[in-house]
Structure formats: C-alpha cells, structure tokens
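> Generate coordinates for the entire structure from the input sequences, incorporating the hints supplied.
Protein sequences, first through last, are from chains W and B.
Read in order, the letters of the first sequence correspond to residues 1 to 328 in the working numbering.
Read in order, the letters of the second sequence correspond to residues 1 to 250 in the working numbering.
Hints listed in this document are in silico derivations from the structure and should not be mistaken for laboratory results.
Hints should not be assumed to be uniformly reliable.
Claimed, not checked - Chain B regions said to be covered by chain W (calculated; three or more residues, Cβ under 8 Å):
1. 22-28
2. 146-154
3. 172-180
4. 204-214
To be verified - Some residues of chain W that are not near chain B, with every Cβ distance over 12 Å (derived):
5. Leu145
6. Pro147
7. Lys169
What the hints assert, rightly or not - Computed Cβ-Cβ distance ranges for the label pairs, DEER-style:
8. Gln115(B) / Ser144(W): 51 to 61 Å
9. Asp176(W) / Gln62(B): 13 to 23 Å
10. Gln136(W) / Asn83(B): 26 to 36 Å
11. Ala193(B) / Ala272(W): 32 to 42 Å
The C-beta atom is built at its ideal place from N, Cα and C for all residues, glycine as well.
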Amino acid sequence: MSSNAIPRTGAPVKSTGLHKGEIAPGVAKVDPIIVAHGVTRTFGGLKAVDVDHVEIPRNAITALIGPNGAGKTTFFNLLTGFDKPNTGTWSFNGRSLSGVPAYKVARLGLVRTFQLTKALGLLTVLENMKLGASGQKGENFFLSLIPGLWRGQEEAFEARALDLLARFKLDAKSEDYAASLSGGQRKLLEMARALMSEPTLVMLDEPMAGVNPALTQSLLEHILDLKTQGMTVLFVEHDMQMVMHIADWVIVMAEGRVVAEGPPSTVMKDPAVIDAYLGAHIDVDLGVVTGRVKGETDPGITAEEITAEGIAEEEALEENKGKKEANK
Amino acid sequence: MSDTTTTAAPLVVEVKDLTAGYLPGVNILNSCSLTAAKGELIGIIGPNGAGKSTLLKAIFGQVKIRGGHIMLNGDEITGLAANKLVAKGVGFVPQNNNVFPSLSIEENLQMGLYQNPKIYAERLEFVTGIFAELGKRLKQRAGSLSGGERQMVAMSRALMMDPAVLLLDEPSAGLSPVRQDEAFIRVSEINQAGVTTIMVEQNARRCLQICDRGYVLDQGRDAYEGPGRDLLNDPKVISLYLGTLGEDAA
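Structure representation (structure tokens):
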C-alpha cells in the first residue's frame, strides 16, 4: 500500500511564449503541430462542431475544456479520422489530414485514447500493450515465418510494455485478462497502450475520469515527462485542478465553438469561462453549502444557486439544440 | 444525520467479512465489512481496482459471493437476485447505461416501480420534489438527455420504489464541474429527505465533504473508516488517496 504514496511536488515548469500576438480565440502559435480551419460537423440540425480556426502548440500540454455537449469529443474524432467533418481543413505536422483514415493518422504519430475505454477483454494486459506498438516486423507474412527476424523486436516491445505498465501501476496485472480490470484500470491501460507506438502527439479524452486522485497525481508526472521527451499532449478533462497543474495552454469550447484560449491562469479567471463552465464555487466546501457541516465562513453561495447553475447549463444545451433544428 | 447520531440509529445495511469476485480463484473483495445506519450518507473511496464498484454490485446481487454476509434491516439478503432485492428495498444506480434511452422519462420512472405501480403518484411527488425540472419534462425521451440529466433520471428511478437504501456508483462521473457539484448536492438532498445512501466516488474530496462517514477501500478490504471530515484531513488518507493537487493549485 505504501508504494502508492506520492511525494509532494511543487508546481511543474510551464511552457510559455506559445502564441503570436494578442490572445484571442484562434490565435496563431509560434510552432503549431495541428492547424484546423473552418471545421464543422452537423448531426441532424445540431452543429456539434463549428471551429473557425484553432492551432495546437507543439511540445506543450494543451487542455480542451468546456461544458458537456460542447463538441470536445466530436472535435477529437474529426482530428483523428474517426469521423468526417462537413467542411474544413486540418493539418498535422504540416501534412493535410483531410480524408486520411484513422489507422493512417495513428501511423503518422497522432494517437488517441477514448473516454469509454476500448480494451480487448480476452487478451491479457501485456498482449493489449504489445498490440499498441507500431512497425511490427512479424506482421509481414514472410518475415513472420522466421522467428529470428522478429524475436528481438518482440522482446524490446515486451520490455517497453512492462516498463510502461510499471509506471501505470498495472505491472501486477500484466498476465490477467483485460476484461478483469476495473474501470479505472482500463483507463490506465488505454493510456499506456497509446504510448507504446511512441507517438508525436497524444490525444487523451478524459484520461483521469475514474482514476483515483492519488494515482492521478503520479500519472500527471508521467504526462509532464512526455513533454520533456518532446511529445505534444492534447487532452479533454473536467478536473480543473489537473488542468491548472499541468496544462501550458487551455482552449475552451462551448456550443461547438472555441470561445476562449490562453494560459490556464488567465483562462480560469476569464469571467466568460467562469460563467459558461466553471461556476464560481470550485473552492467551496459542499459540506457547508448543504448545511451538513457548520463552517466558520459563509461560502457565499447556496445549494439552490449551484443547482440552478446546473439546470441553466442543461437548458442552454437544450435551447441550442432547438435553435439549430429550427434553423435547418 | 450528523456525526454524533451514527451509533444510536438502527443499522440498515450490514456487510460482514464479504469475499467475492468474478473469475475463479481471484477475489476482488477480501473480507470487506461496512455498515450504514438509518439516515446515514456513506461514502466509499479508494484506489482503482480496490473493489468499490464490486462491493456495490455484491450488495445488489450482481456478483457471486464466496464468503461473508449482507444484512438489510436485520434480514439476511446475501446472494438474493436483484429483483428480490429491489422488492426488499435496495435501490441501485449503476455508473453507465443507467437509463432506458428509448423510453421517456416518465416510462423510465414507471419501470422503477413495476413491482408496485400503485404508489406511482405518491413517489412521483417525492422524486419531483427533489428533481423539480424532471417533472416538467416527463414526456422527453431519456436517450436525448445529457449525461448529467440521465444521472438524475437514474437516481429518480431508483427512488421510485421507496428504497431502504440507495446505492450510487460514481454519480459525478463524466459531468462538468458545475453539474458535478449539482450532483453532490442532489445526493445530499436525497439523503436529507431520509434515504440511507451508500455512494462510491472518485471525486473523493467532494464525497467526503458531504458524507457522514467514509470508507477507504484498498485491495478489497476496508482499510480506513471514519467521519468524512476526519478522513478529509487525515494525512495518511491524503497522501495515499486524495493527493495534494488542490493545494498546488491554490
């Protein structure tokens, strides 16, 4: 159990100077790895994604945040070839990705994970990991006949897989079927597997949802490590503490559009972002708000007000849907 | 409902030395114990794979039990089928796929008490007392709702049978910050309306802020137990499970 203990670490070093000119939605970056322009995706009458222009800075950690239904996951799907947009162009490393299927996108070095995990249940954890490696010699029919030609590579993959599993605290499970993992552990496996292919850009869809807070913290160190190794990370997350801790740049989406972007400390103080997404009560003790605990200080917000904010978020979503349908 | 009354109220749920698992020879729960007194809000936190969800599923008869006992209001319910457990007063809200997407909200709620449809009007009043906005949208298809709203429908459905205990598996998972806080407030309101509640959560801080007592599960066992506020401030629990991210950010 004590092996789970994590050292208290100071704030990580943030990459700065990522943008050119004044900060505004769609601001140009000094060295963008992804440039998307005019990307839209419509489902029935609902415009799920309507991104005018956005650039993702290279070798930095970028967080994509926004309310449920803002189009974050859909935008992920479009960038990685899992879905096709109605209009728009986007490039990765200067190469246009329009019409490139998902498996080719992955080979180019852009790898993603899913919000709902996709592990192969009847393979062991280690086998799942080894599948993630790219450029496997044994995949060639003729080469596969001569084990001597691929055994060395196989062993290297296995060593790499075991190393990653140890970092994600899954090493004890390496021989178990992936189906026997808990929800949080599957999340970890998926992240570890994505790293097997040594990607240039990793896109993580809610990587820490369902992962316990202490492990989250140690995993954050690994994500920061990825940056040191030269990788770029783009992630969707609702955990604002995580975003504040590791993100160099934050992009805020709402109703399919990019509504704000900038360094986390600036974005989190943006009244429009607080209003649309964060709510003003992120540091409030809910025990005091609900009257279960007598707090010394007045939290300054009531349970009714927080509930009303939640309902308002829902209604905004509904209204948006209705409007789009009426415009059709 | 406060910390001091927990010893006096009768026990609604008593889990004693429970051992359970999915695969032969692999126990997820290892002699795990837990109690919930009438009116209590219990929070369960712990590392991934500790057995939190499995414990809820075991109480709800979804996992084969290999040892130990589960009592509900003093009656043994170990190994009973889910439909019997619902009739006896166990309400369960799973984490995913917890509404019937092709049915309306109203039909979802009716499904919650198909074993006792006579009390529908009375229970609908109770549920819409807490979730007022659902009452206005009864005809809407549940599949068209967002994650947050679905969670409210799923909780409401479980409440329709007037359960003696409500089991919630990560009610805040996948919700935006505002809606997460809303979900915790709803859970607190349900409990304050008198429903004994056992909640598994990854958002450990929020969970411990509102619960009367918390359990920290580790490797299938109840490693720590205590009033939510105590666990929240326990240095060992902080370093092992809660992390110190919040302090960094502040």
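> Hint by hint, say whether it matches the structure.
Now for the hints, and whether the structure bears them out:
1. 22-28: Three-residue rule met by the region 22-28 of chain B, so holds; n is 3.
2. 146-154: holds (count 4)
3. 172-180: n = 8 at 8 Å, threshold three: holds.
4. 204-214: Satisfied; 6 residues make the cut.
5. Leu145: 35 Å, holds
6. Pro147: Pro147(W) clear of chain B: closest Cβ-Cβ about 31 Å, beyond 12 Å.
7. Lys169: 8 Å, violated
8. Gln115(B) / Ser144(W): 51 to 61 Å: 57 Å, holds
9. Asp176(W) / Gln62(B): 13 to 23 Å: 20 Å, holds
10. Gln136(W) / Asn83(B): 26 to 36 Å: With Cβ atoms ~49 Å apart, the hint is violated.
11. Ala193(B) / Ala272(W): 32 to 42 Å: 36 Å, holds
The structure fails to meet hints 7, 10 from the earlier list, while all remaining hints are met.
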